[in-house]
Each structure stands twice: as structure tokens, then as C-alpha cells.
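Protein sequences appear in the order of chains A and B.
Quick note, in our numbering, the first sequence goes up one by one and the last residue is 185.
Quick note, in our numbering, the second sequence goes up one by one and the last residue is 747.
Since the hints were derived computationally from the structure, they do not count as laboratory data.
One or more of the hints may lead you astray.
DEER-style ranges, computed between Cβ atoms [what the hints assert, rightly or not]:
{"hint": "1", "chain 1": "A", "residue 1": "D114", "chain 2": "B", "residue 2": "I694", "range": "55 to 63 Å"}
{"hint": "2", "chain 1": "B", "residue 1": "S687", "chain 2": "A", "residue 2": "G47", "range": "52 to 60 Å"}
{"hint": "3", "chain 1": "B", "residue 1": "W536", "chain 2": "A", "residue 2": "S100", "range": "37 to 45 Å"}
{"hint": "4", "chain 1": "A", "residue 1": "E22", "chain 2": "B", "residue 2": "E679", "range": "56 to 64 Å"}
{"hint": "5", "chain 1": "B", "residue 1": "T671", "chain 2": "A", "residue 2": "I183", "range": "30 to 38 Å"}
{"hint": "6", "chain 1": "A", "residue 1": "G47", "chain 2": "B", "residue 2": "K593", "range": "26 to 34 Å"}
{"hint": "7", "chain 1": "A", "residue 1": "T40", "chain 2": "B", "residue 2": "I316", "range": "33 to 41 Å"}
{"hint": "8", "chain 1": "A", "residue 1": "D114", "chain 2": "B", "residue 2": "I316", "range": "23 to 31 Å"}
{"hint": "9", "chain 1": "B", "residue 1": "W165", "chain 2": "A", "residue 2": "N128", "range": "29 to 37 Å"}
Here the structure is a predicted model, which means the values were calculated and not measured.
We put the beta carbon where it would ideally sit given N, CA and C, even for glycine.
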Amino acid sequence: MKSFKYLYIPLLSLFIALSSCEKDPQIPNEEELITTVTYTLTPVTGGDPVIFSFRDLDGDGGQNPVIIEGRPKANTVYNAVVGLYNESVSPVDTITNEVSEEALEHQFFYTFSDMNASYIYTDLDTENHPIGIMTRVTTGEPSEGLVTIILRHLPDKFASGVSDGDISNAGGETDIEVSFLVIIE
Amino acid sequence: MHHSYFRASVDRATREPLEYTTVSIQETNQSVLADSAGAYVLEGLCSGDYHLRVFHLGCPPGEYFLSLRKDTMLTILLDHHGELLREVVVEGKPNSFQESQNQQTITSSMIRDQAGQSLADMTENIAGVRTIRNGSGITKPVIHGLYGNRVAIINNGLLQAGQQWGADHAPEIDPNSVTVITVVKGSDAIEYGSQALGGALLVEAGPIKRDPHLHGTFGYAYETNGRGHTLTGMANRSYKTIDWRLTGTWKKAGDHHTPDYFLTNTGASELNGSLQLVFRPTEKVQHQVYYSLFTSTLGIFAGSHISNLTDLEEAIGREEPFNINDYFSYDINPPKQEISHHLLKYSGKKFVDENIFLEWTYGLQADHRQEFDVRRGNRSDIPALDLQLWSNNFQLKYINDKSRVRYKAGVQATITDNSNDYDTGILPLIPDYLESVTGLYSLFQYPVGKLVLEAGARYDLQLLKAWPITLTLPREIVVMEHVFNDYAFSAGAVFKATNDDETRLQLVVARRSPESNELYSNGLHQGVAGIEEGNWLLQPEVSFKSIMTQALAFTDLLHVELSLYSHLVYDYIYLKPDDELRLTIRGAFPVYKYTQQDAWIRGADIVLISDFSHHLEWNAKFSWVRGTTLEDGKDLSLMPPAYVSSSLAWAFHDSPVWKGSRIAVGAEYTTMQEHWDPESELLAPPSDYFLLGIRFNTGIKLGSRIFYAGIAVENLLNIRYRDYLNRLRYYADEQGINARFNLRYEF
């Protein structure tokens with residue numbers, strides 16, 4: 001039993017040695033991160049665009065996202081474009097390019113609730129299904145509601161209703177889901 | 001007529017166990033096959049005179065005469081060559097030191113009959129043990145309601161050093177490479193460290209039989225559900241001073257199937273091997289080198305591939321899951337896990353005397369875990385999580401089993417180095433860390449007549465140094481240091497009035513310090529749409545566990561074992577949901593934060609065994625466990641619901657060709673988990689279910705060769721059900737009917 005004491009000494013010194021040990025971790029390059037969603041409505045007849053944006057530069061957790069909401073005009077037709085960016089890297093990475101490169105695997109869905117507005121897709125992938133980066137939005141009478149923009153990765157674009165913007169049969173994984181308050185003036 | 005019971009083990013002149021010896025009683029035509037440890041039990045014999053016949057392949061049969069008057073332990077020394085056969089009857093004294101522990105063992109023959117199943121699945125045969133799972137391939141044992149960081153998995157004497165914290169991280173161990181699996185339910189934190197607070201799972205390659213000829217097994221198993229093929233092989237040989245054993249396993253399974261649809265991407269593949277070398281330079285010294293490699297690729301069900309709460313809610317309401325194919329495939333695509341685990345161990349043993357020895361061990365483990373996700377921009381081939389863990393372990397143990405007070409004492413030191421690969425492009429779920437644990441322990445046993453008293457103590461000094469990355473910008477690496485003192489004390493008593501009437505009491509106080517995932521985990525858990533956050537201010541939890549076990553025989557017919565336990569854990573570390581959802585660019589997520597609160601886990605296990613005759617055996621198991629927080633009485637999540645299982649078996653007479661044939665019908669009823677906290681569950685637990693299964697095993701003797709064959713059918717009625725402990729319960733049903741065939745040749 002005595003011998004334990006002597007054996008414990010090297011073990012203890014091992015322990016002390018560890019406290020001076022170092023590792024050299026690195027911060028990963030979060031190139032896949034999407035920090036920013038913009039939704040820009042430009043009147044087809046020209047004029048100033050209405051801009052919505054959702055920015056969460058530090059990703060999930062950390063600081064809360066910053067949301068900017070715009071006010072479109074009533075009874076107007078807009079060309080709408082959604083933009084995805086990774087602003088955590090320099091230069092800023094435009095993720096929308098990645099989405100259009102993989103158009104067959106992606107689709108944006110929009111829901112307008114409690115307001116007078118509707119949209120149609122104005123872009124197509126190589127199999128003639130919508131992608132949804134570009135849409136045309138038509139507003140009605142002044143009203144107030146929510147627009148929810150959802151980007152699905154690997155949806156079933158052939159499922160019923162999906163090409164018309166009905167998300168319920170789409171499946172896949174949500175890459176983006178942001179909501180903006182819209183006040184149609 | 002007086003009921004009696006006798007138990008024996010077959011040894012060779014060397015006192016090493018001899019595997020697969022058949023012992024038959026001429027008078028009753030009863031016959032049993034000893035397991036790999038040479039042990040067998042013949043129960044339900046009347047007092048009287050018996051002629052025993054002992055068979056071992058390649059040996060002439062040995063004949064013995066036994067006058068049985070009371071419970072007897074018989075050791076037969078059998079020489080493989082048949083020249084020397086003699087008999088020694090040993091009365092009473094059991095091989096100590098495991099006595100007051102609450103433990104159950106799964107033997108080699110059970111492991112082989114279940115070839116193809118995971119380690120955790122095999123442990124479910126034991127009352128009080130359930131599994132949490134992620135689909136059909138990823139299973140993890142739950143002992144008395146606890147798992148993960150609270151169940152130590154001891155792989156050949158070393159604490160398994162993988163990413164044990166993850167609920168979807170199965171133990172990286174091939175059951176074919178081991179001969180004994182032991183579940184320790186008493187919180188035996190004393191020898192196994194603070195991780196054994198809730199129990200321990202011990203797996204052992206076991207001793208190599210001292211047989212100068214080459215022996216081994218080849219096995220093949222096929223499962224209809226998932227079309228899984230498993231090939232296993234084992235060979236061993238003993239020389240004068242060297243023994244060796246080699247094992248290998250290859251496994252390939254594809255998509256499993258519920259009664260209605262395929263569970264796409266739930267395939268698995270494994271390639272494992274192990275080599276064990278034992279050197280015996282003298283009778284008193286033994287050196288052992290053991291190496292094992294475990295590699296596996298596991299698919300994660302495609303229908304669980306969702307990312308936010310809206311997706312989850314949508315998936316929950318569906319008749320059929322999203323993303324499933326209407327055809328079978330062996331393909332494994334992201335999301336998937338790729339794991340490799342190396343274990344290298346050297347240990348030496350020096351006998352001072354027959355029951356006194358000193359053992360020293362060095363162990364090295366390397367665990368590599370890669371988890372792949374469906375990612376944008378051709379990144380699916382880049383793991384989303386890539387962890388490399390190295391562990392070095394030193395141990396010294398001294399056992400004295402000979403003195404009046406038997407004791408065991410040891411020192412252990414472990415250094416763990418965990419690193420992330422930063423090419424993932426994703427903030428790591430757990431940070432890089434270095435951890436050292438240095439511990440001292442001692443255990444004492446004092447037999448006084450029919451009573452054995454036990455006491456033990458342990459102390460650990462733990463240092464953790466972690467390098468987490470900040471969540472805020474700019475990203476920075478922070479260096480964090482923690483020093484924890486863990487301790488454990490135990491006291492126990494076993495009172496053995498008769499062989500059938502035994503009372504065991506055990507009390508354990510143990511302190512477990514938080515692990516790096518509890519302190520620092522940060523990130524999204526894909527399949528459950530929740531953000532998990534660690535808390536670096538966590539303090540160690542202190543547990544008080546008491547177990548009372550009573551074994552009884554009401555009549556000769558019925559053996560009962562009742563186990564009651566109460567487990568108070570002060571500052572119990574658990575995930576608590578936040579009041580508010582967190583808004584992210586992918587929608588809103590519930591946030592689960594590691595919190596501490598006093599908790600109380602209590603439960604009961606009951607086992608009933610009845611031998612109606614030599615042919616007919618019935619058994620039943622019942623388990624119940626409940627866990628609540630003490631302050632506000634909220635239910636802890638993932639507590640197994642109460643369940644009862646029963647099986648009725650019929651053993652056939654041996655014929656010249658058919659040996660040890662046995663058919664068993666089993667039923668299992670799992671209740672609905674009524675005790676759940678709506679605040680921490682996204683969905684009510686699934687309803688109760690009843691499963692039926694059937695199993696037939698036999699040995700076929702062709703000439704001098706014996707082939708073992710078995711058929712087991714699970715979920716015979718092809719029931720649709722969901723399991724509360726399966727993470728995939730939100731998305732899909734459990735697998736439907738499955739027939740498992742297995743064929744084995746032993747040489």
C-alpha cells in the first residue's frame with residue numbers, strides 16, 4: 001500500500017503539467033452562414049424601391065437580429081427581389097447566387113396574411129419550376145399584415161400546389177424563415 | 001422431495017474456464033450448455049442422486065455421480081484431451097467482490113444469439129434498462145432513467161472515451177468483440193468514477209480459454225427489416241505462455257421499414273476488429289495487450305431532416321413523413337454519422353498470492369466522429385461536426401480477496417484532449433478542451449456469517465480547460481479553466497438467509513462535475529429543432545442513491561426479485577426550456593438551457609421466474625421509474641414509461657442431432673408516459689403499445705460438428721407504434737415486423 005503514495009506523485013505532477021498545456025483552436029470560417037435577408041419591392045412603373053431587411057450578423061444566439069420594414073403603396077404592382085447575404089465574411093458573400101446555381105434544389109415561398117396583396121413567381125429553374133428569387137407583388141387597398149418569406153432546401157417541387165407557391169406539400173428543410181410587418185398605405 | 005438448486009462452473013486443470021461444455025443429467029434428461037465463462041446453472045432439481053455426463057467437443061464424455069442434498073456449487077476440472085478427468089465439489093463461497101453490487105450479466109451465448117443487434121439493444125434484456133434511440137441504428141442505454149454523462153461505459157476496463165454526452169451518440173463498441181456485458185445498476189461510482197452516478201455498463205473481452213487447439217466461431221445473421229447482413233468471426237488459441245484471440249465483424253443494413261413505409265436513409269454499416277494477446281511468462285505474472293477498432297457509418301432518417309419549429313410542426317401532423325422513398329436502398333446519404341474508435345490497452349497483473357494481485361494498466365483511445373448534414377453549395381461532403389478525441393488512461397489496482405476484510409484500492413489518471421476540425425465552416429457544438437481527472441479509490445468488504453458489509457470511498461480531482469468561441473462579434477476564443485473536486489462514498493450490506501432469500505441494501509453518495517457539453521454546448525439540434533445552450537457557471541451535482549433488492553422464492557415454483565430505488569440528485573443538471581422563442585434567420589426556435597435544480601428519481605424493478613417443469617419456463621419483468629424536480633414537482637423528460645414484459649419458453653429434449661432446442665414467446669407492454677411536462681416537450685408522448693415476439697434456437701449436430709441456428713421474430717403483429725424514447729417519434733413510426741435469422745458454426 002505504501003507504494004501508492006509514490007505513484008501518486010507523478011500522477012499529480014501530470015495533472016499540474018496539464019494546466020500549463022495549450023491548444024491552438026481556430027475560429028471556423030462561417031462561409032455558409034446567412035446573416036442577412038433583404039426583400040426589395042420596386043414599382044414596375046419606376047420609382048423608389050420599398051426595402052425590408054433582416055440582419056443577424058452573429059448568427060443564432062448572441063445579439064438579437066435587426067429588422068427594417070418598409071411601407072408599400074396601395075394598388076401598385078411591384079417587382080420583388082429577395083437577397084441573401086453573408087455579411088460575416090469580407091467581402092460580403094451573396095448567397096442568392098448559390099441558390100440560383102442550385103435552383104433545382106431551392107424554392108422561396110411567400111405568405112401574405114391579413115393584408116391585401118398577392119404574388120406570382122417570375123423566375124424558373126431548368127425544369128420550369130419557380131425558384132422565387134424574383135416575384136411580382138400586387139397590392140390592393142391599404143391594410144396591414146405579415147409577409148413570411150421561406151426558403152426551402154430540397155423541396156419536392158413536383159408535389160401538388162408547390163409550383164403555385166403552396167408550401168404544404170413541399171417538405172425539405174427550411175434555410176430561411178423571416179417575417180416582416182407590412183403596412184400598405 | 002426437497003427443492004434444490006445447483007450451480008457449477010467447468011474448469012480445466014489450469015482453472016481457466018472451458019467454453020461450451022454441455023452438462024446433462026441422465027435421470028431428468030435435462031441438459032445445459034455452459035457459457036463462455038464456463039458457468040452454467042441447473043435449477044429446480046430435487047434432492048437425490050444424479051448421474052452427470054459432461055460433453056465438450058473433442059473430448060470423450062465424462063461421467064460423474066452427484067449426491068445432491070442442498071444447493072451446491074460444483075467445479076469440474078475437465079481436461080480437453082480427456083486423459084485427466086476429475087471432480088471437485090466446492091461448497092458455498094462465492095467469488096466475492098461483486099456481492100453487494102446490483103448487477104446483471106449478459107453472457108456470451110446470449111450475445112451470439114443476438115448477433116447483428118447493437119450493444120445497447122442487448123442490455124434491454126435486463127430489467128430497469130431501456131434505450132434511447134435515434135431511429136433504429138443509434139441506441140444508447142438508459143439505466144434507471146439516466147443515460148449519457150451519467151452512465152459510465154467501461155470498455156475492457158477503460159472508461160469509453162467518445163462523445164458520450166450526445167443523446168444520438170451510440171457507444172462505439174462491437175458486441176461481437178466481447179464475451180460478457182454487465183449492467184451495474186447500483187451507482188458504483190466508487191471504482192468507475194463520477195460518470196457512473198446512474199450506473200455502469202461493463203463490457204469485457206474476457207479470458208481466452210486455455211486450449212492448445214485453434215478454436216473459434218463463424219456466424220452469419222440476416223434481418224428482414226433493413227435487409228441487414230452481419231458476419232462475425234472469432235478465433236483463439238492458447239500456447240504454453242501466449243494466448244491470442246482475434247475477432248471481426250462486418251455489418252451492412254439498409255432502410256428499415258415501418259408497417260406502412262420505408263424509413264429512408266436509416267441504413268448502417270460497420271467494420272470492426274479486435275486482437276487480444278496474453279503473455280504468461282510465469283504463473284504469477286500476466287501481460288495483456290488488447291486492441292480494438294470500431295468503424296461505423298449510420299444514416300439519420302431523411303424524414304427527420306427539418307430545420308425549424310414550423311417544419312417540425314408540419315412534420316408532426318403528417319400521415320407519412322416527408323422525404324421518404326417508396327423503395328428500399330442500402331444508400332446512406334447525409335444526414336449521417338461516420339465514427340471510428342481505436343482502443344489500445346496494455347495491462348499487467350502480478351499475483352502475490354492466489355487471490356491477491358496488483359494490476360497496472362495503460363490505455364489509449366482515439367475517437368473520431370464526423371456528422372454530415374444536407375448543406376448548400378456542395379458542402380454536404382464536408383462534415384458539419386468533426387470531433388477528434390484522444391484519451392490517455394493510467395490505472396493501478398490492488399486486490400486482496402484473501403484477508404478477513406477483503407479490499408480493493410486503486411489510482412486512476414485520465415487525460416482527454418478534444419479537438420474540433422475547423423474546416424467544417426460551422427461554429428462547433430462543443431469547444432476544444434483538455435481535461436484531466438486523477439482519482440483514488442478504495443473498497444472494503446467484510447463478511448460476518450450470512451452478512452457481508454461493504455464500504456467504499458473515492459476522490460477525484462478534475463481540471464478542465466476549454467476554449468469556447470464567443471457568440472457575439474467579433475468572434476473570439478476565450479480560455480476557461482475549471483477545477484472540480486468529486487467524491488463518492490458507499491455503504492452496503494448483503495444478507496443471504498438462504499440461496500433463495502437474499503436482501504441487498506446499498507447507499508451511495510456521489511458528486512459529479514459538469515462535462516464540457518453541459519458547460520459550453522452551443523448550437524442547434526437539427527432533428528429536434530431546438531437550440532441547446534451550455535452554462536459555464538454550473539456546479540457539480542450531488543446524488544444520494546439508495547437501492548434495496550430482495551430475492552425470494554415463494555414456493556419452489558416462483559422466484560421473485562424486487563428492487564426499489566430512490567435517487568435524490570441535488571443540483572441535477574438538465575436542459576430547461578426558456579420562456580421565449582429565439583428569433584433567427586431560419587425562424588423561431590425554442591431554447592433549452594442547462595440548468596440545475598434538485599431532482600428526485602425513484603423506481604422499481606420486479607423480476608419473476610418460474611420453472612413449471614424442466615421444459616417449461618416463464619418469466620416476467622416490470623419496470624417503473626418516475627423523475628421530478630423537487631421544488632416545483634415538474635416531470636423530467638426522457639424518463640422511460642412503465643413497461644412489463646413476459647416470456648414463456650419451452651426446452652425440447654436433446655436428440656442425437658438436435659441439441660438445446662428452445663422456443664420462446666415473448667410479449668411486451670409499454671404504457672404511455674403520463675408524466676410529462678408540456679413546457680419541455682414539443683409533442684405529447686405516444687400512446688401505449690403491445691408487442692409480441694417469438695424466438696427459436698437450436699444446435700444441429702452433424703457428425704462431430706455443431707451448428708447453432710436461430711430465428712427470432714420481433715413485432716410479430718406488425719404493430720404501428722411510436723416510442724417515447726426515440727427521437728424520431730415526431731416524424732415516423734417504429735419499425736414493423738422483423739425476422740432475424742442466425743447461423744453459427746463453432747470449431
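Status of the hints after comparison with the structure:
1. A/D114 to B/I694: 55 to 63 Å: Holds: the Cβ-Cβ distance is about 58 Å, inside 55 to 63 Å.
2. B/S687 to A/G47: 52 to 60 Å: 59 Å, holds
3. B/W536 to A/S100: 37 to 45 Å: 42 Å, holds
4. A/E22 to B/E679: 56 to 64 Å: Because 42 Å falls outside the window, the suggested range is violated.
5. B/T671 to A/I183: 30 to 38 Å: 52 Å, violated
6. A/G47 to B/K593: 26 to 34 Å: 48 Å, violated
7. A/T40 to B/I316: 33 to 41 Å: With Cβ atoms ~35 Å apart, the hint holds.
8. A/D114 to B/I316: 23 to 31 Å: Roughly 25 Å apart at Cβ, these two residues keep to the hinted range, so it holds.
9. B/W165 to A/N128: 29 to 37 Å: 47 Å, violated
Checked against the numbered hints listed earlier, the structure breaks hints 4, 5, 6, 9; every other hint is satisfied.
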